[in-house]
Amino acid sequence: MQYLLMLYSDESGWSKMSPAEQEQAMGAYHAYTEALNKAGVLAASNRLRPISTATTVRVANGKTQVLNGPYPDTKEQLGGFYLIDVPDLDAAISWAARCPGASHGIVEVRPIWPTQT
Amino acid sequence: MSSREGDVQARNTAGAVARRSYGKLVAFLAARTRDVAAAEDALSEAFASALANWPLTGCPSNPEAWLLTVARRKVIDVARRRRSGEIAAAQLQVLAEELGATATDVAKDIEVPDQRLALMFACAHPAIDAGIRAPLILQVVLGLDASMIASAFLMSPTTMGQRLVRAKDKIRQAGIPFRIPEREELPSRLGAVLDAIYAAFAEGWADPGGTDVARRDLPEEALFLGRLVTELLPEEPEALGLLALMLHAEARRRARRNAQGEYVPLAEQDPALWDSQMIDVAEALLLRASALGSIGRYQLEGALQSAHVYRRRTGHANWTAVVQLYDALWALSGSPVVAINRALAIAETEGAGAALCAMQDVAADVRLNEYQPYWAARAELMAKTGAYSEARRAYEIAIGLERDPAVRRFLQRRQLALALSRLQSDII
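Residue numbers (the working numbering), protein chains in the order written: chain A, 463 to 579; chain B, 99 to 526.
It should be emphasised that the hints constitute simulated quantities derived from the structure, not laboratory data.
Treat each hint with caution, since some may be false.
[Stated by the list, open to error] Not everything, but these chain B residues come out facing chain A in the computed CB check (under 8 Å):
hint : residue
1    : P211
2    : A272
3    : G273
Quantities reported herein were computed from a predicted structural model and do not represent experimental measurements.
Glycine included, each C-beta is placed from N, C-alpha and C at the ideal position.
Can you build the whole structure from these sequences, using the hints too?
Take a look at the structure:
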């Protein structure tokens, strides 16, 4: 089954870190991604740019509304994701727990709705 | 054999199989697909077929295997109707091959593997809402219907039904595995299973008179589940501890009400009314658990029961041991409920004043505002220290919070006795 691990955290935490700490954090993510790769479970992953770059779009009554900023505006933001393919929820949870993001934020685990092809 | 006799026999056999193997069959049918609801539907159709066929053909030699074969065909029928496309075809192929493999074996004695424990772990998975775990286990392992479970848990049947459906959907859609967790994970995951079983027991326990038909059977079902877990995991001390705890409590059921149906508190119960055989089994379980060398909540609570039962032989409870056990439980759980019971035990060893001091620590906990035993304990202790108006007020709150009429009457009698004794002392 495929699961999307969504990494939520407080973005301001990153800017408060010293360059050495940032490097260490990047290293942790790099190692984690490698581990997923080695296990053969990684389907996709990406890091998102900060919410200051976000734009929200909605079409209502035929009108397109474009808003500056993220949806919704909360303390913790979606900062990246991993799409993994594992046998069951327990396996997905154990990968989520290893993710560095789980230690400085929250990792939401969501099963992917399988498409019938 | 007349058709009537055949009917009765079919019904009895189907009933016996249902009781014995319902959960086994659900677990086996759903293990691969994780679709508990589909397994239950198929199984109930299979039971219906059994009731229609067995009176005519006689009961099969292996009723469990018969039901399994029929239920599996139903599962495949449903899958075929619901799905189309290549994936579905491949899945059906797997199912059909599996069916073919067992269909020929059915006549022989195939043993349906017991995956009930794995099913229980799925039901008590951390991804399942804690409040629905016990009802879910009662339904899928024992086959109890939603309305019965609903009334036992004081919930509307509609709400209970919806929550059970949602929980089963979650198992299937989120991919919760049917598996006994690995060694390092087992203690915490087993804790959730044991908590669910204990919740079922405690719900039934709330109706000690056994007046409520729906609730009367719950302790028995919980004991069945508790025994099942100890049979499947004989080396888990907490599972043994839980079973001991439940047996100890169950052993005193008859003593909790007098002939008039009035509530009798533990301290005033007649030990002769306790079920000594059940107590002996519980004590042996605790001994077995302690030999495994890992203490936990249920063993401590079982040991507490044991310290109370001490009275059976000596005429008085072992209050020093009770206080020590509550100390350990308090350190383990930090639960305000434990703190209250610990204070009541301290009242026996050091007096009411010391008990009130001990209770001071948790008095600010807002969870206690609506917890009847807290107010009853407070009333009792206040009365002993002579703070009568405080005691009266605490009884008033306790009475207002209690849902069992017999316990309510008991508290009212205590409150009245307090007022009378004051009146007498005023006159003298």
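Here is how each hint holds up against the structure:
1. P211: Since the shortest Cβ distance to chain A is 19 Å, the answer is violated.
2. A272: This interface hint holds because 5 Å falls under the 8 Å limit.
3. G273: 4 Å, holds
The structure is inconsistent with hint 1 alone, although it conforms to all the rest.
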